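**Q** Could you put the whole structure together from the sequences, leaning on the hints where they help?
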Amino acid sequence: MMIAISACLAGETVRYDGSHKLYAPLKALQNSGMAVPVCPEILGGLPVPRAPAEITGGEGCDVWAGTARVTGSDGEDVTDAFKQGALRALEHLQQRNITHVILKANSPSCGSGLIYSGAFDGTLKSGNGVATALFETNGITVWHEDHPELPALIEQLLQNGKSA
Numbered sequence: 074m075m076i077a078i079s080a081c082l083a084g085e086t087v088r089y090d091g092s093h094k095l096y097a098p099l100k101a102l103q104n105s106g107m108a109v110p111v112c113p114e115i116l117g118g119l120p121v122p123r124a125p126a127e128i129t130g131g132e133g134c135d136v137w138a139g140t141a142r143v144t145g146s147d148g149e150d151v152t153d154a155f156k157q158g159a160l161r162a163l164e165h166l167q168q169r170n171i172t173h174v175i176l177k178a179n180s181p182s183c184g185s186g187l188i189y190s191g192a193f194d195g196t197l198k199s200g201n202g203v204a205t206a207l208f209e210t211n212g213i214t215v216w217h218e219d220h221p222e223l224p225a226l227i228e229q230l231l232q233n234g235k236s237a
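Going by our numbering, the sequence shown opens with residue 74, and the numbers climb by one from there.
What the hints contain is simulated information worked out from the structure, not anything from laboratory work. None of these values were measured; they are calculated from a predicted model. Heads up, the beta-carbon is just placed ideally off N, CA and C, and yes, glycines get one too. One or more of the hints may lead you astray.
[Unchecked claim] Per label pair, the in silico range of CB-to-CB distance:
id	residue 1	residue 2	range
1	S105	W137	31 to 37 Å
2	A138	N233	25 to 31 Å
3	G195	E149	16 to 22 Å
4	S146	G234	38 to 44 Å
[Stated by the list, open to error] Listed below are the simulated DSS-like cross-link pairs for lysine-lysine, each with C-alpha atoms no more than 27 Å apart in a straight line:
id	residue 1	residue 2
5	K94	K156
6	K156	K198
7	K94	K198
**A** Here it is as structure tokens:
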């Protein structure tokens with residue numbers, strides 16, 4: 074089974090501040106050929122570095138409904154870039170028949186279950202990011218790197234890869 078992972082979790086320096094959030098077990102999956110990295114924000118044309126962004130007025134599904142926006146801490150509306158990047162990422166996943174993704178927790182693109190509040194004060198609120206909302210609407214299972222069952226899934230994928 075091929076999965077996709079957030080590019081920042083694979084060690085790519087694509088985050089808003091030019092850093093990464095390497096999660097070594099996911100990098101091992103990529104190195105074994107069982108995971109491909111994806112970054113909706115980069116696919117949407119956003120630069121590195123860039124102002125941090127948060128969803129204001131709701132969560133990812135509300136962005137798609139047109140009732141919430143993605144705004145940078147500098148006040149720039151980056152909603153269209155987030156939506157375009159999510160659509161391009163979905164296209165990449167569908168072309169590869171990927172049905173499971175492991176994404177960066179709390180991100181305005183990739184957050185699953187919790188995202189930053191939109192107030193740029195470090196607090197979290199319930200909700201999904203823009204890409205997560207689109208992926209789930211299209212039948213893709215989304216986990217984040219803090220999911221309690223993730224270590225077992227990674228081990229299973231690595232073991233299955235060795236026996237294939």
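**Q** For every hint, state whether the structure bears it out.
**A** Status of the hints after comparison with the structure:
1. S105 to W137: 31 to 37 Å: holds, 34 Å
2. A138 to N233: 25 to 31 Å: violated, 38 Å
3. G195 to E149: 16 to 22 Å: Cβ of G195 to Cβ of E149: about 20 Å, so the range 16 to 22 Å holds.
4. S146 to G234: 38 to 44 Å: holds, 41 Å
5. K94 to K156: Judged against 27 Å, a Cα distance of about 23 Å means the pair holds.
6. K156 to K198: holds, 20 Å
7. K94 to K198: holds, 21 Å
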